[in-house]
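A.B. asks: Residue-level listing of the chains:
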Amino acid sequence: MWIYEKKLQYPVRVSKCDPMMARFLIEQYGGADGELSAALRYLNQRYTIPDQVIGLLTDIGTEEFAHLEMIATMVYKLTKDATVEQLKAAGLGAHYANHDRALFYNNAAGVPWTASYIQAKGDPIADLYEDIAAEEKARATYQWLIDMTDDVDLQDSLKFLREREVVHSQRFREAVDILIQDRNTKKFF
Amino acid sequence: MEEQYYAMLHELQAVDFVLVELNLYLDTHPWDTMALQQFNEMAQKRQFLAAQFEQCYGPLLNFGHSASPHGWRWAMPPWPWQV
Amino acid sequence: MNQFRVYCPFIGPFDPCPPIREKVYSTPPNLFLGFQPPGLPQFNAHEALKLGTLWPALYSPYPGKQT
Ligand SMILES: [Fe+2]
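Chains as they are written, first to last, in numbering that gives the first Met the number 0: chain B, 0 to 188; chain G, 0 to 82; chain Z, 0 to 66.
Derived from the structure by calculation, the hints contain no laboratory data.
Since the structure is predicted, the reported quantities are computational estimates derived from the model, not experimental observations.
Each hint should be verified, as a subset may be incorrect.
Below, computed lysine-lysine pairings styled on DSS-like, alpha-carbon distance capped at 30 angstroms [claimed, not checked]: (1) K49(Z) / K15(B); (2) K136(B) / K120(B); (3) K49(Z) / K44(G); (4) K136(B) / K64(Z).
Among chain Z residues calculated to face chain G with C-beta under 10 angstroms, some are [what the hints assert, rightly or not]: (5) T26; (6) P40; (7) A47; (8) P55.
Here a beta-carbon is modelled for each residue, glycine too, at the ideal position from N, C-alpha and C.
With the hints as extra help, turn the sequences into a complete structure.
C.D. replies: The structure is reproduced here in structure tokens:
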């Protein structure tokens, strides 16, 4: 089961009301390479993967939910007190018509999240390579998002999330190393 | 929220982050006894810091993983995205 | 190690926009480290949180787009 902890993994500060940036950030909320996709991908793959890497998938999957909460916090803060006029000007008129200021699992173009963003092939190598690719894609998305804002506080949180993708990718690469090792040969680490 | 809230929270976030890092590392390096020892030391430190924080600002965990000795503070604000 | 690589996109004679002469892409340390060796130097807890990793060997700064 999961226990909720009433704190963010990393502090999230935003220094100005910027609904336009919220609209772009939602890519990492309900987009193909976003945090929801990541969490669900890893937590789903773990049922059909060798025992040596189940712990890693469980833990990274759990951390992704913490990142999802950070993205939600950014979007919440960036839109909380924006006027309808500001939302319309930011290109969020269609969103407002459907959701008011509620968050929704869609990407920056408004396309709703779909399970086809994530794969589960049941082949450990295929699945881990997908995970490595997903981490690199998320890293790239964070780069483009960092490029799109001049809010130093927001950039700070986004840089933290980008770095986490680097570390996750590292661990998934190690997971592949573990699984391709011939168990009959001696470990030299 | 007062300054102390952020200071204590930040202290806990820092220690918890080291634990996240060591945890993922140990998932692929279970034989690294030095890292394991560091993990266990940090886990103790986090218990202490979390207890201190909860004393001032209420439970961090739901479902009884944190006790709630001073009334039902769990469901009271602030929530993480509000601070 | 330099964590970025550069390439020069082809510039066509009829490209309508002013050309971007150099494109930069990120090559973070996880591409080079291999299986992380034990005992690598660590950041202290506050630095680690701030930078997003416990190990300098995995730290990948991203300054944002220069152009
Ligand atoms: Fe990740």
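A.B. asks: Against which earlier hints does the structure fall short, listed by number upward?
C.D. replies: The structure conflicts with hints 5, 6, 8, although it agrees with all the remaining ones.
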